[in-house]
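Chemist: Okay, here's what each chain looks like letter by letter:
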Amino acid sequence: MKILYGLLIVLSTTCVYAQNNLGPRLSAMADNGAAVGDIWCLQANPAGIAFIAQPAISLNYIRNLLSEEISSQGIVAVIPFGKNYLGTSFQRYGFSAYNESKVGFTYSKRFGENFSLALNGNYHQLKISNYGSSTGFSIDFGVFYRLNTSFSIGAFTNNPSGQKFNSDLIAAKIPTSFNIGTSYLATSQVLIATTVSKVSDQSIDFRFGLEYKLYNLLSLRGGISTKPFKQHVGFGLNYKKFAMDMATTFDTNLGYAPQIAIGYAL
Amino acid sequence: MHLKLRLDMHCKFFTAFLVMIGFIASAQTPEPQLEIKDILESVAENLPDDYDMTELIDILIRYKKHPVNLNKTTPEELNTFIFLSPLQISNFFTRIKESGNIADILELQSIDGFDVKTVQSLLPFVTLNEDTEYEKLVLRNMLNLGENDLMLRFAQTLQKQKGFTDLPGNRYLGSPERFQTRYRYQYGSIIAAAITLDKDAGEKFFSKPFDFYSGNIALSKLGKIKKLILGDYTMQFGQGLTLWSGFSFGKGPDVTSVAKKDLGLRPYNSTNEYSFFRGVSATINLYNGFDFTPFVSYRNLDASQSLDIDGNLVQSTINQTGLHRTPTEIKNKGSLSQLIYGGVLQYAKNELAIGGIAYHSKYGNSFITQSALYDRFSFTGNALTNLGLYYNYTFRNIYFYGEGGKSLASGSAYLSGLLTSLSPTVSAALTYRNYAKNYHNFFNQGVSESSEAINEKGLYAGLNIIPNKRWAFSFYGDYFRFPWLKFRVDAPSSGYEILSQVVYTPNKTFKILLRFKTENKQQNTDLDVPINFIDNVKREGYRIESNWQANQRWRFQNRIEVSQYQKGEAKAEFGYLVYQDVDYSPLFSKITGNIRVAYFSTPGYNSRIYAYEDDVLYSFAFGMYSGKGFRTYLNLKYNLAKKLNIWARYALFYYRNVETVGTYLDEIEGNQKSEIKLQLRYQF
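For the protein sequence lines, the chains are P and E, in the order given.
All letters in the first sequence, in the order written, are residues 1 to 266 by my numbering.
All letters in the second sequence, in the order written, are residues 1 to 684 by my numbering.
The reader is advised that the hints may include incorrect statements.
What the hints assert, rightly or not - Heads up, simulated DSS-like pairs for lysine-lysine below, C-alpha to C-alpha not over 30 Å straight-line:
no.: 1; chain 1: E; residue 1: K511; chain 2: E; residue 2: K457
no.: 2; chain 1: P; residue 1: K213; chain 2: P; residue 2: K164
no.: 3; chain 1: E; residue 1: K517; chain 2: P; residue 2: K227
no.: 4; chain 1: P; residue 1: K198; chain 2: P; residue 2: K241
no.: 5; chain 1: P; residue 1: K198; chain 2: E; residue 2: K567
no.: 6; chain 1: P; residue 1: K164; chain 2: P; residue 2: K109
no.: 7; chain 1: E; residue 1: K64; chain 2: E; residue 2: K226
no.: 8; chain 1: E; residue 1: K508; chain 2: E; residue 2: K538
no.: 9; chain 1: E; residue 1: K508; chain 2: E; residue 2: K64
no.: 10; chain 1: P; residue 1: K213; chain 2: E; residue 2: K97
no.: 11; chain 1: E; residue 1: K221; chain 2: P; residue 2: K198
no.: 12; chain 1: P; residue 1: K227; chain 2: E; residue 2: K538
no.: 13; chain 1: E; residue 1: K204; chain 2: P; residue 2: K198
no.: 14; chain 1: E; residue 1: K204; chain 2: E; residue 2: K677
no.: 15; chain 1: E; residue 1: K517; chain 2: P; residue 2: K198
no.: 16; chain 1: E; residue 1: K333; chain 2: E; residue 2: K204
no.: 17; chain 1: P; residue 1: K213; chain 2: E; residue 2: K469
no.: 18; chain 1: P; residue 1: K173; chain 2: E; residue 2: K117
no.: 19; chain 1: E; residue 1: K457; chain 2: P; residue 2: K227
no.: 20; chain 1: E; residue 1: K221; chain 2: E; residue 2: K97
no.: 21; chain 1: E; residue 1: K117; chain 2: E; residue 2: K469
no.: 22; chain 1: E; residue 1: K508; chain 2: P; residue 2: K173
no.: 23; chain 1: E; residue 1: K677; chain 2: P; residue 2: K227
These are computed hints drawn from the structure, not numbers from a lab.
Bound-form chain P, shown alone (with noise of 0.2 Å):
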């Protein structure tokens, strides 16, 4: 059984590597992380933090339900400093045989209250088991502009200079994509977003995400991605400081991948 997950992880290594675990929230929300403001942006548009009042931190876990052990762990912060941001993010995918996992750190600078820019570095690490281990370095940048309350544009791009990995052992490729998204909050309660991404290798992906804000205390969220065609479905719950989102991506090949995070802001 191992070796058929190790199987199908090398063979969509590729798209495993582009899903950046975004959190539940844009998760949710078709993994639109290009236009809109939230802490799991570190995993997308790194830009997209300098918009974020007070220190945060969370931290998500998701499960694969077409295997018990595959799973992906996550965690985020971010300081902000007047209006220089620093973030920092981890994630952890893959099971005992096979992993994968990636630090990185993000300077991000707001210019004025509604355009910033933002630079994240990153540290790859592969371990396979009986094949070794093998590491890598890849940038990503990232752009951001509100155009008014309601409409916001947003732009990244991830190892735009197309890194490898180290070793020769492990043809892996540290993917690069690019990205842009818009989102428009139709009322204080309806958000949506969409985002164009590219990824190589493989055909442009349009995703469309929709978050509504039924109370104060709860948000339900929804969306689809095209390619690979994706559901997405989750909700989020509000208090006070603390917030906790659930999310579960249907994929039509993958089956379902339940997640959920925990956040905190100061």
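Go by the hints and put chain E onto chain P.
Modeler: Just chain E now, kept in the frame of chain P:
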């Protein structure tokens, strides 16, 4: 006399052309049909290929003449407005309930979900005045105030089709003309009667005047009896899983159209020869919000039959085309009797409607299992009992709806969904459906990806965003699974469909539309292998369309559509269609018309493109553009007198690099296919 009339007609036609060419618009009768056309165009995309729009058009024309009093209307009446969503209708009544009658028509804009476009579409058909009713049942009134409407339609393909030649075996025994006649009488909203006659191309005309006869008498508002119909009628209840005859809306750019609006019992006036009931039915108000609709229907259907081992006639399917042209079709005509009886009990009050359906069908001969493996769960036997339960309920800004259906001794089907206006600018739709492979129902029109709402599970999610009056976005995704085999799919399969559309209307005279649609399904491979495996099949469509109005007289529409078809690893196939429409309809002109010139090129049938075409009586037809060539048509309407209108249509397909057009008995020698149509309508 006859000759004189014809001569006279010729003269009129000649004059008509002169008028057209010379731009001499004589100011006489107003042309109120533009707004109807706009509405039909916007909903046409949600309709199936062979939808008969006559009913929709008739309803709108009637409302134009006798506007609906908004302060006296019922949910059932508003349901007949095709462009209103169930949520809008529900919000409308909530508003009336909470703040009383509407004093100014512009108050509509303050109702949740009523955007500017909806209000504009609704305005011509509604009123707040009281004095529109003349509902006393007196014979003199019935003769004086009743409205009569007679319509005659003639159509013919000009080239000779193979079926009309002297073939030895199967051929068309009748003549190539198509005739339709419809007469309707209407007195207020309490009495209506209609007769429809139809003869399709290839059917015999002289031995028996018409192949298809249909008619009914409908009475409404007779105290406790809300409606009573004798003759041909249709029934539409709930979400269409249990009892729905006639066609219905499905998935489309207006994402709210997945929630069906049932119209209950209605008289049948279409020329479709299959989807109706024949007998008697009534809707009776029992008590308060309780309505009961009992019905009984007896008909003879067409079926191809054979003898089983005991010597009994049996059939596997019903033939729904209504065509009786060849010896075989004539032999099969009316060979299967169908008796249906049952009832619908509905309770509707405020935000809640709930209904139960039960009926039994009895067939003259038995159905047998079909030979194909994918069809092995189809209905067998000669008696079937169907049960159903449906509901809709509005809670705050959410409209919930659903239905469950069960065929006794076999499978069940259910559907559940919601519409919600998340904000004044955003509305969303969500529907889950689950139809068993052995759900047996001859009147099932549930929302589905397949042509039949069986053997399917699916989740549909859609969003309409109208941020202001210039922009409108819609988007939906539908994921579906077919747990059992299907025609040309030898394994359980799945797929999805995505549509996104943007409409930009910067001002009243210009509109541009962009649309992208993709559909991914699975189908048996084309490769010659011992056991079929299934390949992914992708169909995509890209559309750009612009509408602009040069002045009061001229309107233009251009469209470019590109289609893509790809199966498995084979090379993708691309086709395209480009057309220009010109519409001439001055405000007070006797003559109006429109023309299309199109060029299309598709490498094969798989990348074919569909587009709506204008037809007589501002009706529409689906045009299929496949192969390579030109398409053009011209429609003209001339008001001969105030109540007498005549339409003429000429349409031509001109294919390049082909020697024949059409297949089998419809085959035509040469590379052209053209058709003429004439229609006369007299309202008195």
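Chemist: Hint by hint, say whether it matches the structure.
Modeler: Comparing the hints with the structure gives:
no. : hint             : verdict
1   : E:K511 to E:K457 : 37 Å, violated
2   : P:K213 to P:K164 : 42 Å, violated
3   : E:K517 to P:K227 : 13 Å, holds
4   : P:K198 to P:K241 : 36 Å, violated
5   : P:K198 to E:K567 : 23 Å, holds
6   : P:K164 to P:K109 : 28 Å, holds
7   : E:K64 to E:K226  : 23 Å, holds
8   : E:K508 to E:K538 : 37 Å, violated
9   : E:K508 to E:K64  : 22 Å, holds
10  : P:K213 to E:K97  : 27 Å, holds
11  : E:K221 to P:K198 : 62 Å, violated
12  : P:K227 to E:K538 : 12 Å, holds
13  : E:K204 to P:K198 : 61 Å, violated
14  : E:K204 to E:K677 : 19 Å, holds
15  : E:K517 to P:K198 : 19 Å, holds
16  : E:K333 to E:K204 : 13 Å, holds
17  : P:K213 to E:K469 : 25 Å, holds
18  : P:K173 to E:K117 : 51 Å, violated
19  : E:K457 to P:K227 : 21 Å, holds
20  : E:K221 to E:K97  : 23 Å, holds
21  : E:K117 to E:K469 : 7 Å, holds
22  : E:K508 to P:K173 : 53 Å, violated
23  : E:K677 to P:K227 : 46 Å, violated
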